[in-house]
Amino acid sequence: MVMSRHLTAPARKAAAGAVAQICVLACVGCLAGAAALSAHLAYAEIQFHRGTAAAAEQAAKLDRFAPPSGYFEALADLDPDRAMHWLAAALNANPRLSPAWIAQGLAFERDSPRTGQFDQAAGALLQAASVDHQYLPAWTLANFYFRRAAFLGTSAPFWYWARRAAGLTYDDFRPLLALAHAAEADPQMAIEKLGGSNLLLHADLDYLSELGRFEDAQKIARLLLSRSAAPGLLSEAPRLLELADWQIQAGNVWYALELWNAIAAPRQEERLDPDRGLALANGDLLHAPTGVAFDWRLRQTEGALAAWRPSQLTFSLTGDQPESCALLEQTVPVARARRYRLHFEYVTAGLASPTGIVWDLDGDEGYALEPAAAWSSATAILRASNRGRRGAALGSLRLLYRRQPGTVRAQGRLELRHLRMEAL
Amino acid sequence: MRLGVLKLETVQSMLALLCSLSVACSLNLACTLNLGVALASPPAGVPMAIGTVEAKGSFRVDNATVAGNATLFEGATVETHQSTSMLALTSGVRVWLAADSKGRVFRDHLLLERGLGQMEKADRFRVLARGLTVQTESTAGSARVELAGTADVQVAALAGSVQVRNSQGLLVASIHSGSALHFAFQASGASSQLSGCLRAESGHYLVTDEVSYVTMEAAGPGLAKESGNRVQVTGAIDPSASPVLSAMAYLRVSGIKRLSRGCAPSNKPAAAGAAGVGGRGGSGGSGSGAATAGGIGALSATTIAVIGGVAVAAAIGGLAASGSLSGSAAATLSR
Numbered sequence: 271m272v273m274s275r276h277l278t279a280p281a282r283k284a285a286a287g288a289v290a291q292i293c294v295l296a297c298v299g300c301l302a303g304a305a306a307l308s309a310h311l312a313y314a315e316i317q318f319h320r321g322t323a324a325a326a327e328q329a330a331k332l333d334r335f336a337p338p339s340g341y342f343e344a345l346a347d348l349d350p351d352r353a354m355h356w357l358a359a360a361l362n363a364n365p366r367l368s369p370a371w372i373a374q375g376l377a378f379e380r381d382s383p384r385t386g387q388f389d390q391a392a393g394a395l396l397q398a399a400s401v402d403h404q405y406l407p408a409w410t411l412a413n414f415y416f417r418r419a420a421f422l423g424t425s426a427p428f429w430y431w432a433r434r435a436a437g438l439t440y441d442d443f444r445p446l447l448a449l450a451h452a453a454e455a456d457p458q459m460a461i462e463k464l465g466g467s468n469l470l471l472h473a474d475l476d477y478l479s480e481l482g483r484f485e486d487a488q489k490i491a492r493l494l495l496s497r498s499a500a501p502g503l504l505s506e507a508p509r510l511l512e513l514a515d516w517q518i519q520a521g522n523v524w525y526a527l528e529l530w531n532a533i534a535a536p537r538q539e540e541r542l543d544p545d546r547g548l549a550l551a552n553g554d555l556l557h558a559p560t561g562v563a564f565d566w567r568l569r570q571t572e573g574a575l576a577a578w579r580p581s582q583l584t585f586s587l588t589g590d591q592p593e594s595c596a597l598l599e600q601t602v603p604v605a606r607a608r609r610y611r612l613h614f615e616y617v618t619a620g621l622a623s624p625t626g627i628v629w630d631l632d633g634d635e636g637y638a639l640e641p642a643a644a645w646s647s648a649t650a651i652l653r654a655s656n657r658g659r660r661g662a663a664l665g666s667l668r669l670l671y672r673r674q675p676g677t678v679r680a681q682g683r684l685e686l687r688h689l690r691m692e693a694l
Numbered sequence: 016m017r018l019g020v021l022k023l024e025t026v027q028s029m030l031a032l033l034c035s036l037s038v039a040c041s042l043n044l045a046c047t048l049n050l051g052v053a054l055a056s057p058p059a060g061v062p063m064a065i066g067t068v069e070a071k072g073s074f075r076v077d078n079a080t081v082a083g084n085a086t087l088f089e090g091a092t093v094e095t096h097q098s099t100s101m102l103a104l105t106s107g108v109r110v111w112l113a114a115d116s117k118g119r120v121f122r123d124h125l126l127l128e129r130g131l132g133q134m135e136k137a138d139r140f141r142v143l144a145r146g147l148t149v150q151t152e153s154t155a156g157s158a159r160v161e162l163a164g165t166a167d168v169q170v171a172a173l174a175g176s177v178q179v180r181n182s183q184g185l186l187v188a189s190i191h192s193g194s195a196l197h198f199a200f201q202a203s204g205a206s207s208q209l210s211g212c213l214r215a216e217s218g219h220y221l222v223t224d225e226v227s228y229v230t231m232e233a234a235g236p237g238l239a240k241e242s243g244n245r246v247q248v249t250g251a252i253d254p255s256a257s258p259v260l261s262a263m264a265y266l267r268v269s270g271i272k273r274l275s276r277g278c279a280p281s282n283k284p285a286a287a288g289a290a291g292v293g294g295r296g297g298s299g300g301s302g303s304g305a306a307t308a309g310g311i312g313a314l315s316a317t318t319i320a321v322i323g324g325v326a327v328a329a330a331i332g333g334l335a336a337s338g339s340l341s342g343s344a345a346a347t348l349s350r
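Chains as they are written, first to last, in the working numbering: chain P, 271 to 694; chain F, 16 to 350.
Looking at chain F on its own, in the form it has when it is part of the complex:
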């Protein structure tokens, strides 16, 4: 800012400037005399602000209508109207709440209750949405989370990889940058289902799902003869068993189905393909998962994984269809 353009046009602005200068110079007495309010040391027990929230126009914080901007406290509920709000946390994290969205914001996470949220520079920050926890893997990562329909969640990795975990903390998807996945909750006790290349490593069988990029150690009959093939395995996760280091969970396989002989031709990640970022991909997936993942049956054209009670599929339309922060600048598009 150029101080040269400052014009002290009113008594109030002079007082204000005097006050700020006196603050800067610790001339508290002058401020007291001018303003007629008692100066005090910082009040004990004053809650620390965790950041600010800004928007064009009004929005709501803790059910109160606020104009322009406000201070955020731990656990504040922010609800947007027609324009996007930007939440700037003191940690450096930026969270955007799209128009007509709602969420509770904490120092280290956002509990998304409605609409769409996007986190940027999200170092150790999480977005919680319908029991899923979304977190970027890198400090400069960026992700978009949208509550889809009445029970689903859509997550897009805008920059860097994004991890999605279920309410038990089990990794249900690792989304690569530029991809978007759709999550739907399954009935309790639903079997897990992964599709991908089955490979043997040091006597252990591993399968990395093509959609969710989750690797599990598989155990059960019939695995040896399918090793090296692209398969679909179904089974139950055994939380009591310890998987090998490179696997996230231990899957007791109850069914195995060969999708294609060998792994190489169709091993392109479905998620990246559907997202329109990683090339073709996606189409190689089998539609057979649709029956299991009833919650997202509409996505039967793509491979569907079911992990830890959550069905995961590439979002149709990919990143472009993963919602947007429309409304952020709309309010200013006028002369």
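With the rest of the complex left out, here is chain P:
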């Protein structure tokens, strides 16, 4: 400033011009430098995307001041022989890169039979978990400690990380459940060790059922039931009744009954017990038939329509029904070869004699129903099958329609109520 005061106007102008020129040149230089750096990095990026180890390595060299960790991660894949070197470089570039820690830990573990680097493997995986609190590190550690349990003499680290993973799972529980059940034979214990949330119980119930491990599934169901003061109001009731269905299909009568009585028949008088001859469920038709487990199944056949209203079932035959069809069915827990008396009330409209409608238990048929213009009480004596081993069995109680010889297919209506079955 002091000097400028002594400069003449043209000189000051010239000096200002020079400063401006220097500024412009500096700016141009900076821009050129930035452009060159951008081009350099772009070239590095192009090299990287060529997808070969040599090109990716060159990209890393081109971008040597701040190479992205992704370059090294890719190199670890592309150049497996030097994977550990590249993973270390990736972690050097970004120590919070949990996938690289995991990859390094697993690589240490793979090499461990030769190098004995299990501690390094654990260290890398634990580091992954410390920088990333999401599912994958926890899941990886659970797996790692599962595999190491026999060598370590303890499964505690496994359960710690499995529990952590269970709390973070957002998708499919089955891989974790598979590990847990492999580590602990008692399914209830396994679930408790995983945290025992209801979400886990549901997933495990489905998982074990899918695998056909119905005995284990039953134990999980008991755990679920034990948590509810009012089993009949359980939100899990549909899931448990579905399991009862599976148990029926698997022939596990008592398991199915245990679930049914807990869920669908909470009142003592509604419970099924083949030993006491209590075999029929929902005989008063107070609930709409669900078709699940021991409840009534309404067979919707063309020409034979079924409808429920409280305490009553109505079947309408249009004459277009098959010559032989089931109108109604229930799986009943029975004693083998035992005789049962089925009590029921019915009324018909429009049905001619013989109606062709008959009760059937395991192929043993009663007498065909006669037309009844007013509500009538009737019984059918039926014998359960004696197939299979002794003890309780599952029978199939059906209401059938069969066109009688010399008649056309029946048309009319049948109404049923107050069904009851007793052992003789």
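Hints listed in this document are in silico derivations from the structure and should not be mistaken for laboratory results.
No false leads were mixed into what you were given.
Computed spacing ranges between beta-carbons, pair by pair:
hint, chain 1, residue 1, chain 2, residue 2, range
1, P, R483, F, A155, 38 to 48 Å
2, F, D138, P, A302, 50 to 60 Å
3, P, A577, F, G72, 46 to 56 Å
4, P, L481, F, L126, 19 to 29 Å
No more than 16 Å apart at the CA atoms, straight line, and that leaves these computed lysine to aspartate or glutamate pairs for EDC-like:
hint, chain 1, residue 1, chain 2, residue 2
5, F, K117, F, D77
6, F, K136, P, D351
7, P, K489, P, E512
8, P, K489, P, E528
9, F, K136, P, D381
Glycine included, each C-beta is placed from N, C-alpha and C at the ideal position.
Dock chain F against the given chain P, drawing on the hints supplied.
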């Protein structure tokens, strides 16, 4: 790993480290108190893991979706999606399943159900594909197996020789390193057919097929006058007859056709030639086998062998066309 970079940023990581340290030091009580879970000796009856499976992204193990990695048990079914999975078995064997592949893995073999599998360091490990058994001859051998089309199999020997056997255990091809062969199943009762130099050794006639490298002892009329020539022999394998030591099977010849006088000029292995590894070769083969090996008629330009109900031909394009493990690194190619 440099322990210096370890930062215990959370209570969980401290607990985890404490646990691992306590495990290492057998301080089980400390772990129990900290984690609130009962420590026990290794659970009896716990299935032993046979290895691990890793992939970028998700894959499926026994129909369950898994992220990143998982423990493998005997008989586990692994199904890949968009990326390759690596199966690292505790025996040291490495098996790669390409994207969109599926297989059941056992301690000593992989049952390939879909797609492409590759085994490395495959000491005594086998890949079973559509009834064929593929096994490397050396401990450090490496092979690639791909289910081609709806019924064929393609096998490439990446390192070391690879043996391929049919469901009866009969050797149908011995693939040299760097070669690839295509296998197609023939109708039951199909005649065997080999092309190569017919030579006499100690009163026995031997023919080594140019594609499959399988040597058989040939017996039948008309062999003596073709000895020393390059021929194509057709016949039935007699399992009840014992071949000489250097032969894999005993072939009762029903037909013989001379391909060229003498053996030397065209004795270059077709497989290696077609694979683009062993030089020219391959072109010397006769196309006459195509009619027999209807299943791979498209490969009529090369010699085709039919052994034990399996037609064998050099894979067109050789090793380069034998599939690849694309997708292994693709997922990581991003910044």
